[in-house]
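Residue strings, one per chain:
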Amino acid sequence: MTTKTLKDLPVEESLTSGTMLCAGCGGLLLVRIFEKVLGQNAVTVNAAGCMSMLSVFPNTPFKSSWFYVAMASAPAAAQGIRDALDILIKKGRVKKEDDLKVVVITGDGAASDIGLQATSGAMHRRLDFYYLVYDNEGYSNTGFQASSASPFSSATKTTIPSALAPEGNLLDKKDLFEIWTAHKPPYVATISPAYIADMMRKIEKASQFAGPKLFIAHSPCPPGWDVDSDAVIRLSKLAVETGIWPLKEAVNGEVTHSVIQKKRKPVEEYLKLQGRFEHLFEPARQDKVLQTIQNKIDAYWARVEK
Amino acid sequence: MKQLLTGNASVATAVRLCAVDYIPAFPITPQTEIIELLSRWINEDRMDAKLVMMDSEHSMITAAGAASLAGVRTFTATSSQGLLYGFEMLYNLAGWRVPVVMANVSRGVSSPITMEPDHNDVLSARDSGFLQIHAETCQEVLDSVIMAYLISEDSLVRLPTIVNLDGFYLSYTREPVEVPEREEVASILPQYIPTSGYMNAQNPVSVAVAVLDGRAYSYFKYQMHLASLNALDVHEKASKKFEKAFGRKYDIVDGFMLDDADYVIVMTNSLTTTARAAIKEMRNEGRKVGLVRIRLLRPFPRQKIGQMLAGKKGVAVLDQNISIGSGGILYPEVLGALYHRSDRPNKIISFIGGLGGKHIGISDFKHIMSVTEQSVKEDQQPLQSILLFTDSDWSKVKQMLKVAGKGEVEG
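Here the protein sequences come in this chain order: A and B. Residue numbering for the first sequence follows our numbering, starting at 278 and increasing by one per position. Residue numbering for the second sequence follows our numbering, starting at 159 and increasing by one per position.
For the record, the hints were derived by calculation from the structure and aren't laboratory data. Quick reminder that beta carbons are idealized off the backbone N, C-alpha and C, glycines included. Just to be clear, a hint being listed does not mean it is correct.
Claimed, not checked - Examples of chain B residues toward chain A, derived with CB under 10 Å:
1. LYS208
2. ASP213
3. THR220
4. ALA225
5. ALA374
Said to hold, decoys possible - With a straight-line cut-off of 30 Å between C-alpha atoms, the simulated BS3-like cross-links for lysine-lysine are:
6. B/LYS208 - A/LYS461
7. A/LYS313 - A/LYS583
8. A/LYS368 - B/LYS208
Stated by the list, open to error - The following residues of chain A were derived to be distant from chain B, with all beta-carbon distances above 12 Å:
9. LEU286
10. PRO287
11. ARG309
12. ALA325
13. ALA353
14. LEU448
15. LYS482
16. LYS525
17. LEU550
18. GLN551
19. PHE558
Generate coordinates for the entire structure from the input sequences, incorporating the hints supplied.
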């Protein structure tokens with residue numbers, strides 16, 4: 278496996294500028310790099326979410342094909358396109374060189390909640406496709422309500438900290454990586470906009486496999502997470518350095534971590550920069566909650582390092 | 159060649175004859191025999207197509223639309239709950255302007271859950287943009303699937319079509335069906351070549367993008383509506399082509415003993431066959447009665463229905479469906495076809511029957527016509543749909559209520 282550096286990033290953009298997405302969108306940065314690396318012979322299949330606002334009639338920032346489907350069934354649409362192209366190539370109605378990579382891009386709500394079944398089906402059928410989840414840990418496009426990917430103790434519009442629930446979100450983040458990996462697809466990885474070389478290496482590795490190739494991307498959301506636009510990369514870096522966002526991959530179900538910190542920073546450093554965790558520090562520190570979050574991270578890494 | 163085929167086998171046979179490339183599938187009674195047959199024929203190499211078992215009807219309809227968009231001839235099938243489960247995608251496929259053909263094997267809708275037919279399932283899709291052809295016989299089922307591709311793939315239409323057949327009454331009933339040769343079908347329906355919208359590396363397209371401007375949104379919806387209305391003429395064109403090839407002719411609306419009829423029943427689907435027998439009997443008794451069967455439900459043949467019912471004394475609209483809180487679904491549509499005419503019938507009465515496959519026999523049709531005649535004579539217009547339910551139906555239900563522990567129920 279070659280070691281990728283930023284210099285290896287293709288110069289040509291597949292996704293051009295001038296969209297109506299929020300300044301500093303972590304998800305958009307990921308999508309841009311992802312599309313750049315995959316190249317233009319691709320069709321992006323999208324489920325309802327922030328990225329649906331990329332192509333708005335009569336404009337599109339994509340040089341390649343774009344297909345908005347519905348919230349629950351982007352992987353099913355990918356199935357239809359993949360099968361159709363295979364049939365057309367087999368029957369000689371489309372040339373092999375005009376084949377397309379089929380790329381599903383959805384948010385965490387479509388991936389972890391409403392579209393989980395369709396993704397499970399696509400993985401089970403060994404569908405040859407890429408799936409990129411920009412995980413901004415909530416329903417950002419509708420104003421940031423809790424999704425099953427929202428982390429414990431985060432504030433969202435539906436988990437506003439109160440006297441009854443001072444910690445905010447009472448539920449843990451659903452472990453989509455484990456759910457996906459349990460299907461034993463050839464390739465699953467987590468990625469981060471602060472680790473582009475890691476991401477490029479993973480996309481390259483994934484592209485060797487036929488079948489489902491799935492990516493979950495840490496995607497800071499400035500309005501939802503209540504952070505400044507210029508904090509996105511810093512936050513993503515801290516997420517990895519504190520260990521709350523492990524960078525890992527699973528090849529045919531075998532998990533390895535691609536970045537392991539010698540010494541993890543305390544998770545507080547990541548949390549305290551974000552408005553969605555402000556209630557853990559102000560007006561009074563919620564030490565117990567902070568300790569719970571830290572313990573969960575420590576327990577995770579204790580299992581990894583065992 | 160004539161074969162004894164069930165309605166389901168008639169659908170599957172037509173799909174094979176149409177050289178369909180792709181079939182995403184999900185089982186549901188009473189449709190399942192269709193996908194079982196297709197799957198078997200593909201496995202036996204009698205058909206060069208791919209069938210994929212999907213994870214739900216929502217995924218199934220999505221995959222069908224996406225594949226059609228990528229340029230293959232696509233078929234799928236469902237019933238009842240399945241249609242409702244995939245409902246969101248019906249509007250999407252119509253908006254994608256893909257010529258998918260889908261068989262709906264009609265079955266009542268839960269709750270209570272049931273197996274036998276009525277048309278609440280398929281009529282729920284009436285506003286989606288799918289064209290709808292409702293068949294009376296197994297022969298018409300086979301022929302309609304072929305015609306559906308002719309119409310859907312026409313550049314003036316480019317909308318998906320539902321071919322509806324009644325569960326049990328057609329799906330599992332064998333009738334003699336004339337089965338054309340593959341080459342004969344190919345002569346009127348050549349290989350599908352998409353002309354726009356399809357995607358491959360030579361042809362980057364953005365499909366189904368968000369339209370956040372009401373003017374552009376209206377433009378796209380109006381286009382779909384006008385394309386659907388085009389199907390009135392395109393059906394005629396397809397019908398002529400079909401008749402020339404196979405000698406069988408289908409009109410968008412089908413009249414029976416209509417010319418000198420004073421009283422006419424309007425209905426759809428397989429129960430029409432029983433109604434024809436009832437009409438014949440009533441004719442023998444000297445009653446001037448006739449029948450109109452609506453075959454094309456979408457686009458709705460308003461003008462044709464108006465012409466066929468103009469000048470009649472009384473019209474009974476029999477809905478095998480129920481819009482809870484309103485009544486029969488087709489009734490207001492038939493009214494809308496007639497209201498503007500000065501020669502409209504004196505009385506147009508709404509009847510509901512056959513829900514969940516409840517038997518409607520010749521005596522029921524006679525009752526419907528008698529009520530209609532009476533209504534004209536007495537100048538009485540019932541303001542609500544008349545719910546068909548016989549004394550024998552009621553005594554049977556009372557018996558079941560008793561078994562269910564509800565005690566004796568007052569009639």
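Cross-check of the supplied hints:
1. For B/LYS208, the shortest C-beta to C-beta distance to chain A is roughly 6 Å, which falls under 10 Å, so the interface hint holds.
2. Hint status for B/ASP213: holds, given a least beta-carbon distance of 3 Å to chain A, under 10 Å.
3. The restraint placing B/THR220 at the interface with chain A holds, with a minimum CB-CB distance near 4 Å, inside the 10 Å limit.
4. Because the beta carbon of B/ALA225 sits about 4 Å from the nearest beta carbon in chain A, less than 10 Å, this interface hint is met.
5. Interface restraint check for B/ALA374: the shortest CB-CB distance to chain A comes to about 6 Å, inside 10 Å, so the restraint holds.
6. With a CA separation close to 24 Å, the supplied pair B/LYS208 and A/LYS461 stays within the 30 Å bound.
7. A threshold of 30 Å between alpha carbons decides the hint, and for A/LYS313 with A/LYS583 the separation of about 37 Å lies outside it, so the pair is violated.
8. For the hint pairing A/LYS368 with B/LYS208, the CA-to-CA distance comes to about 12 Å; that is within 30 Å, so the pair holds.
9. No Cβ of chain B approaches the Cβ of A/LEU286 within 12 Å, the least distance being about 22 Å, so the stated non-interface status holds.
10. Here A/PRO287 stays apart from chain B, with its beta-carbon at least about 17 Å from theirs, past the 12 Å limit.
11. Non-interface status of A/ARG309 relative to chain B is upheld: no Cβ of that chain comes within 12 Å, the nearest being about 17 Å off.
12. Chain B draws A/ALA325 into its interface by the beta-carbon criterion, the shortest separation being 9 Å against a cut-off of 12 Å.
13. Distance check for A/ALA353 against chain B: the nearest CB is about 3 Å away, which does not clear 12 Å, and the non-interface claim fails.
14. With a cut of 12 Å on Cβ distances, A/LEU448 stays outside the contact zone with chain B, its closest approach being about 25 Å.
15. The beta carbon of A/LYS482 sits about 24 Å from the closest Cβ of chain B, which is more than 12 Å, so the claim that it is off the interface holds.
16. Remark: the non-interface label on A/LYS525 is consistent with the geometry, its nearest Cβ contact in chain B lying 27 Å away (cut-off 12 Å).
17. Non-interface call for A/LEU550 relative to chain B: holds, since the shortest CB-CB distance, roughly 32 Å, exceeds 12 Å.
18. At the 12 Å boundary, the C-beta of A/GLN551 stays outside the reach of chain B, the nearest C-beta of that chain being 29 Å off.
19. Look at A/PHE558: its CB is around 39 Å from the nearest CB on chain B, clear of 12 Å, so calling it non-interface holds up.
Violated hints, in rising order: 7, 12 and 13; the structure is consistent with all others.
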